[in-house]
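Chemist: Below, each chain spelled out in residue letters.
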Amino acid sequence: MNRRAPRRRLSRQLWYALGLVPAVAALVAVQVVPKLEQYDLVRGGTPIVPQPGAPGTFAGSSWRLAELTWSDAEGLPPGSKAVTAVIGVTPGDEAAGRELIKGCAAAVRDARERLWSAATSVKGRADLPTTCAPFDESTFTAVPAEPGTEVRWQASFVVPADAVSSLRVEVRLAQRRVDHVRLTPSAAPSAGPRPAG
Amino acid sequence: MRKALLTVGACAVLLPLIGAVQRLQPDADRVYRPIAATGRIGQEVRTPPYTVRVDGVASGRELRVAGFLGKTSRQAAKGVWVVVGLTATATQEDVALGRVTLRAPDGRTFAATDRFTGLDTVTLRPGIPVSGQVAFELPAAAVKGAVLDISRPAYGDVFRPSGALGPAVEIELRLDGTAAPTVSMTEADT
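Residue numbers (numbering that gives the first Met the number 0), protein chains in the order written: chain A, 0 to 196; chain B, 0 to 189.
Mixed in with the good hints, there may be bad ones.
Chain A is nowhere near these chain B residues, computed Cβ spacing over 10 Å in every case [unchecked claim]:
id	residue
1	Gly55
2	Ala75
3	Pro125
4	Pro128
5	Val129
6	Gly155
7	Gly176
8	Ala179
Below 25 Å or equal to it, Euclidean Cα-Cα: the simulated DMTMM-like pairs (lysine to aspartate or glutamate) are [said to hold, decoys possible]:
id	chain 1	residue 1	chain 2	residue 2
9	B	Lys70	A	Glu73
10	B	Lys77	B	Asp175
11	B	Lys77	B	Asp26
12	A	Lys122	A	Glu66
13	A	Lys34	B	Asp148
14	A	Lys101	A	Glu36
15	A	Lys122	B	Glu186
16	A	Lys122	A	Glu136
17	B	Lys77	B	Asp28
18	A	Lys101	A	Asp126
19	A	Lys101	A	Asp161
20	A	Lys122	B	Asp148
None of these hints come from the bench; they were simulated from the model. Glycine included, each C-beta is placed from N, C-alpha and C at the ideal position.
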């Protein structure tokens, strides 16, 4: 009897300890789960990544990287290049076309996970807009893109020369800051015409 | 009786001790203040958002500013102008230096002037070093021994956590308190 008592006490303590495991896990979950969205925002969100050179569906629209070129523009910092991405977006329906009116933001990311947002100092191509929604010049407002019709637009960047070969293009919509589409070119960017800016 | 005396004695010792410990406890500002990487003039100081190097520092009673399109102006000060030359590079993503201040030895801090465009407002891009200057206007007595503090990096995107426990740069400027008649700076091109 005397020998059994400590064993019973140990067994009871073991159950208490086992009971603590889910309690601690629940406590950690309560602390961590509400912060996951915040963490995702800071991390830059979860990308939709289609195959290199292939289009990807994001926010009801089909997105493709039509062109990614680099050049030496005037006034660039030493050791840097101007990069211009031409992106095609085709809304799948009217709602997707309307969502583009709020605006798109393009950025480029290299293999070292460095991220550059568009630079206004480089103007890119003179024949393409920098907005992803068509622009009505009579009212000076953006209008919904027609479903099934591709809108081609561009964004330009200033990046170090060593980043050019591994660049991928990311597009975010103004209303969806976390999710985005990441478009990978099928080949390394080629030398393009000198930018208009 | 002896036990009661012991209890009273223990309380007499412990209560002031508890009070002292509570007073020594750092306040929230100190607990959550940015974690600073320190360096000296000419040394590249690395933090997660950017690297910063102080290229030079000068102080003067009048500031000559070279602005855009060759326009120059002269600015007198009731105190002293301190101009800090910096080279900064973003490491991962576009970011501006953020809060740039000079901290005097007595603890007072002086923000970089917003009367001219300094390097503090320029967007730094990963891998592309940018050189420029930041100017401060401060009392002559605060110049000697002032330290450059850079914290709260300003990201361009929509959301970032507060500056609590964030990165910071701290560089001793080794100013001796003397001021030249004139000091110059060139406005940054944003």
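Chemist: Hint compliance check: list the failing hint numbers for this structure, sorted ascending.
Modeler: 3, 4, 5, 6, 11, 13, 17, 19, 20
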